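With the hints as constraints, model all of the structure from the sequences given.
Those protein sequence lines, which keep their order, are chains S and Y.
In this text, residue positions in the first sequence follow the working numbering: the first is 1, and each later residue adds one.
In this text, residue positions in the second sequence follow the working numbering: the first is 1, and each later residue adds one.
Calculated directly from the structure, the hints in this document are not laboratory data.
Keep in mind the model is a prediction, meaning the values are calculated, not measured.
C-beta: ideal position from N, C-alpha, C; glycine also.
Where hints are given, some of them may not hold.
[What the hints assert, rightly or not] Quick list of the computed label-pair ranges, beta carbon to beta carbon:
1. Y:D115 <-> S:N229: 44 to 50 Å
2. Y:R157 <-> S:N402: 47 to 53 Å
3. Y:A33 <-> S:R227: 55 to 61 Å
4. Y:E50 <-> S:D231: 36 to 42 Å
5. Y:D115 <-> S:R606: 33 to 39 Å
6. Y:E137 <-> S:H370: 50 to 56 Å
7. S:V441 <-> Y:E112: 46 to 52 Å
8. S:M239 <-> Y:E112: 34 to 40 Å
9. Y:E137 <-> S:N570: 45 to 51 Å
[Claimed, not checked] Derived lysine-lysine pairs resembling BS3-like cross-links, with alpha carbons at most 30 Å apart:
10. S:K380 <-> S:K392
11. Y:K52 <-> S:K603
12. S:K535 <-> Y:K52
13. S:K363 <-> S:K38
14. S:K599 <-> Y:K52
15. Y:K120 <-> Y:K23
16. S:K508 <-> S:K770
17. S:K311 <-> S:K95
18. S:K392 <-> S:K356
19. S:K487 <-> S:K599
20. S:K487 <-> Y:K52
[Unchecked claim] Here are some of the chain S residues that sit facing chain Y, going by a computed Cβ distance under 8 Å:
21. K599
22. A602
23. M604
24. I608
25. L610
26. G620
27. S621
28. V622
29. M624
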Amino acid sequence: MDELVAEFLTETNESLDELDVDIVNLEQNPNDADLLGKIFRLVHTIKGTCGFLALPRLEKVAHHGENVLGRFRDGDLEVIPEYVTLIFECIDRIKYIVGEIEANGTEPEGNDSELIEKLDAVYEGRDASQGGGDAAAAQEEAPVAAETPAGGGYPGGPTGNVSQAELDALEAAFNDTPGPMDAPEEEPEVEAAPEPEPEPVQESGVEKTDTTPTAKKGPSLASQSLRVNVDVLENLMTMVSELVLTRNQLMQIQRANGSGGTDFTAPLQSLNLVVSDLQEGVMKTRMQPIGNAWAKLPRIIRDLSLELNKKIELEMIGQDTELDRQVLELIKDPLTHMVRNSGDHGIESPADRAAKGKSETGKIILEAFHEGGHIIIRIKDDGKGLPMDLIKKKIIANGLANADELSDMPDQQIQQFIFKAGFSTAEKVTSVSGRGVGMDVVRTNIEKIGGSIELNSREGFGSTFTIKIPLTLAIVSALIVESAGEKFAIPQLSVKELVMASNQGESKIEMIKGAPVYRLRDNLLPLVSLDQILKMEVPDIGASDSNEQSHADGEDQDIPVIKNTTIPRNSYIVVTNVGNFDFGIIVDRVFDTEEIVVKPVAKMLRDIDLFSGNTILGDGSVIMILDPNGIARQAGELDTAPQDVQADSQKISSSHEKTSLLLFAAGDAAPKAVPLSLVARLEHVNFADVEHSSGKMMVQYRGQLMPLIPFNASVQVGTEGQKPVLVFADRGQSMGLIVDEIIDIKEEFIDVQLSGDDLGLFGSAIIDDKATDVVNIAHFLSSINKDWFKNHGDDNYEKHDANGGGRQAHQNGAMKRRVLLVDDSSFFRNMLTPVLSIAGYDVTTLDSPIEALKLCESGASFDIIVSDIEMPEMDGFEFAQKVRKDTSWVDTPMVALSSHATPRDIDRGMEVGFNQYVAKFDRDTLLNAMSNTLSDCAKLNGATQH
Amino acid sequence: METLSDVMDTSTSAVIKAEDKEKSRDLLTIVIAGQRFGIPILQVQDVLGEQKVTKIPLAPPEVAGALNLRGRIVTAINVRCRLGLERGDVTRANMSVVVEHDNELYSLIIDEIGDVMRLKNKDFKPTPGTLDPVWREISSGVYRLDGEILVVLDVPRFLGTIHN
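What follows is the structure in structure tokens.
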């Protein structure tokens, strides 16, 4: 293909994408003169260039489109939806022709006279009077059409003035054309045009007279950008990647040769720096704003809303967020699909919305932002959400699960089924969606590029899809691990943390019916063993060995890897996150992280979905890159069964059990203890890094500002040196508590014997044979952020003191009261457990009412139940209703614990069967409420018995 | 590639049809389990000594692993395994021949490497029908040598049929 034509096509495609957006905007702001000018200019440029390149068909269509646009711009024609649709039709035709030229190098055969006739009709203002347009247009257009001959910039009949109109248009185009960038496109076009029109003549004159405005308007930035062929960039990227690898190799050799400086040290260091800069620079050339992938969306939504008679508003936030070209290309289609889905399935018709008390116009919010090494794209609609009943029916109809299984599943888990193949709940197939291909393809595409997708939906309130994708595919940071003597790379993006596990002691891997699990803080983490899923276990029998092993290297394949599962050995667990699910990969060793260049695997290996690629490490060896998505799939439907049912019984923890306590020193002599499960991480903070803002200490931690507070006034906080910090984190908030020293971790019963007056302490307990202060973390959390406890999905927090103040003595009697605490937040469970056990209760915690009901069925009994209200699968109200309906707990007193403590909520709570309703988080009120409830019930029972 | 070498040969000697039979081509000979094979020389990229090979779990049994050849990742193929032979003597240093197929590099691990031989087309015969089906599949024909038969390896077919 002619180079000029190729250039033209690139340029035109870009312009066309812009046009879609602009015209939708125009429809909304019909009076925006700048916008009109811009649209006109774009079409004009296309037309002009066509003439030059001898593309008559395209030129004709563009020309007639331009005529209509010209009248919009001059204010002769009102911009109404029908006309906009016509302009879109014209642009679609242009796109079609351009597409054909791209594919075949020539204009396609065909006739545009019908479209041109329509355009001309509008242009000449006769569509309405002759009834040529559609009915709606006819009515609206009538006054305009009547007005036209009289007013406007076209004296006389339109037919006789085509060339005059064109001249005007051209003149205007030149007025608006920015100088330097467009000049090469524009000038040859007009000068070379051998048409009989007086254009060339006129042009030179116009140009002269209009130099001033051109110069004024011409953006000076334009000349600073350069169009480079993508292949050139790709090539450059590959070369840089190789260079990075070679650099890594050199650095490794240097390190291997010992720390003593050689002649190479200095040049190597500068090479290192230069290569890093170069890599960064080349990466930048590949970055494009995500807005490019969104350009088509406003048009799609507009067409959709017309077609479906819905009112939809699309808001786009963060168009400037940049990501790698390659990634951008790959997410374009999934994104389009999802936005379309939101418009089609999500947003209801205006009537339905009005009936539900929502505004008639549905809103879709598309948002992109950077977070860590990846980009988050969120598609949020305020439509009807996922219809749970329909989904359940469909799941059963498709045989994916049966009704019993479904009734046990939390909503969120059920929602994930929409990512299965062949799943569409659209009741009718529209031209837009509902054909049953979709979300599974979306998920596959996103996973292909190492991303993940999450879904949150509330029926009646809308859905939110959150996509997490890597910034770039070319170079990723990967953790190098070893299993069965072979090294593998795991993309750092999906690695959450590393845990060392031994076969003995506290941090051991436990087996539930042959399935390994690990207790990670409060959760049971399902595990997969890398050597097992890769089938790398070296069997004793040589025959089967031949399938797995090779004779490739001739040296080590017959040396069995020393590995015996019965011998206690230390292993590492790579805690991996795929979508909503966490699981652990057991590996033998962990090396460091390395920047690697992902290369595709050979074709004959592509169907192994455990690998996403391979690469060459710094030492020159080849390494396979593991695909966490593939591992999750291999590990057996981890994505639909996040928790083993058998594992659930393990989740019930009772204060009979010992609690892991972190012991630390701060200020005075007495050691302090805090439940280890509350501590997210231990860090050392350099005081040099500490920043001060409005009198508070902050430190930048994992891309966020984390407030720091010293444990007490006697903890010295200097400006230099470092101190250990306990990091507490919950739902995106974190704080650091500065202490003097971390002493130990102990498993002990918490038995607080002296309650202290200090707000920050629960009291003292004997731990490790020493009197130890048990710390009340809640005090610190609320001192940092008063809203810490109310940000748990609640807006109208108000302190509801159900029983008035008054401290009651803690019940420390011989008979401990058994309390069941149900709260979905592990943070709250961990926080309340010590509070309650200190108050003399025997605490059992569960993370969901569903678990609680199971426990009820199994015959457990409690003296009192404390339940959260806001919980995902089943809320506290429903839980109370169920309990009160027909369970063995029907008479067990229940206390609701929620930050939604409006009178309405409280009434509802009482209605469904709660005995008390307490605001979160008011420790004393809770304890009072509990003891009052218990004594009330005791009285009541006594009364009935007598 | 194989046809390419033919074409190139033809282009030089196309004028004299009679000499067609005297036309020859160059083959790199390799030995596997005592059998001599030939690979058209133009398809050979490299001959390597022993290499460090990374094993690829779950790969087809014929795939010995992957290795790094000047920054390119090469898939190593165990030729003995592909030919349905015993794995052979592993104590000997393994040689390999690197070939390109479908824009990807493969190294064929073999027992022994021989000379490059220029063989006349008149000695070329189609693969005997009695040959082992696996061997027939991967060979494009045989050459009669003095006291020996050389099997010509059809690289695309040899590699193209490997999958899980």
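Cross-check of the supplied hints:
A hinted range of 44 to 50 Å holds for the C-beta pair D115 (chain Y) and N229 (chain S), which are about 46 Å apart. In this structure the supplied range 47 to 53 Å holds for R157 (chain Y) paired with N402 (chain S), their Cβ-Cβ distance being about 49 Å. Our hint of 55 to 61 Å for A33 (chain Y) and R227 (chain S) holds, since their Cβ atoms are close to 58 Å apart. Between E50 (chain Y) and D231 (chain S) the Cβ separation comes to about 37 Å, which falls inside the hinted range of 36 to 42 Å.
Range check, D115 (chain Y) to R606 (chain S): about 37 Å between beta-carbon atoms, so the 33 to 39 Å window is met. A hinted range of 50 to 56 Å for the beta carbons of E137 (chain Y) and H370 (chain S) is consistent with their spacing of about 53 Å. At roughly 50 Å, the beta-carbon separation of V441 (chain S) and E112 (chain Y) lies within the given 46 to 52 Å, and the hint holds. A C-beta distance of roughly 37 Å is found between M239 (chain S) and E112 (chain Y), which places it inside the suggested range of 34 to 40 Å.
Distance hint for E137 (chain Y) and N570 (chain S): a CB-CB separation of about 49 Å, consistent with the stated range 45 to 51 Å. Proximity of K380 (chain S) to K392 (chain S) is assessed by CA-CA distance (about 23 Å); at most 30 Å being required, the pair is judged to hold. A threshold of 30 Å between alpha carbons decides the hint, and for K52 (chain Y) with K603 (chain S) the separation of about 21 Å falls inside it, so the pair holds. Taking the CA atoms of K535 (chain S) and K52 (chain Y), the gap is near 21 Å; set against the 30 Å cutoff, the hint holds.
A C-alpha spacing of about 27 Å is found between K363 (chain S) and K38 (chain S), which places the hinted pair at or below 30 Å, so the restraint holds. The straight-line distance between the Cα atoms of K599 (chain S) and K52 (chain Y) is roughly 19 Å, inside the 30 Å bound, and the hint therefore holds. Between the alpha carbons of K120 (chain Y) and K23 (chain Y) the distance comes to roughly 6 Å, so the proposed pair stays at or under 30 Å and holds. With a C-alpha separation of about 28 Å, the suggested pairing of K508 (chain S) with K770 (chain S) holds against the 30 Å cut-off.
Using a Cα cut-off of 30 Å, the hinted pair K311 (chain S) and K95 (chain S) holds, with the two alpha carbons roughly 27 Å apart. Of the supplied pair hints, the one linking K392 (chain S) and K356 (chain S) holds, its CA atoms being roughly 23 Å apart against a limit of 30 Å. Pair hint K487 (chain S) plus K599 (chain S) holds up; C-alpha atoms about 16 Å apart against a cutoff of 30 Å. For the hint linking K487 (chain S) to K52 (chain Y), the alpha-carbon distance of about 13 Å falls within 30 Å, and the restraint holds.
Hint status for K599 (chain S): holds, given a least beta-carbon distance of 6 Å to chain Y, under 8 Å. Annotation: interface hint on A602 (chain S) holds; nearest CB of chain Y at approximately 4 Å, less than 8 Å. A hinted interface residue such as M604 (chain S) counts as satisfied when its beta carbon comes closer than 8 Å to some beta carbon of chain Y; here the least separation is about 5 Å, so the hint holds. Given the 8 Å rule on beta carbons, the hint for I608 (chain S) holds: about 5 Å separates it from the nearest Cβ of chain Y.
For L610 (chain S), the interface hint holds, since its Cβ comes within 8 Å of a Cβ in chain Y; the closest pair sits about 6 Å apart. For G620 (chain S), the shortest C-beta to C-beta distance to chain Y is roughly 5 Å, which falls under 8 Å, so the interface hint holds. A hinted interface residue such as S621 (chain S) counts as satisfied when its beta carbon comes closer than 8 Å to some beta carbon of chain Y; here the least separation is about 6 Å, so the hint holds. Look at V622 (chain S): its Cβ gets to within about 4 Å of chain Y, closer than 8 Å, so that hint holds up.
The interface hint given for M624 (chain S) is met, as the beta carbon of that residue sits about 6 Å from the closest beta carbon of chain Y, less than 8 Å.
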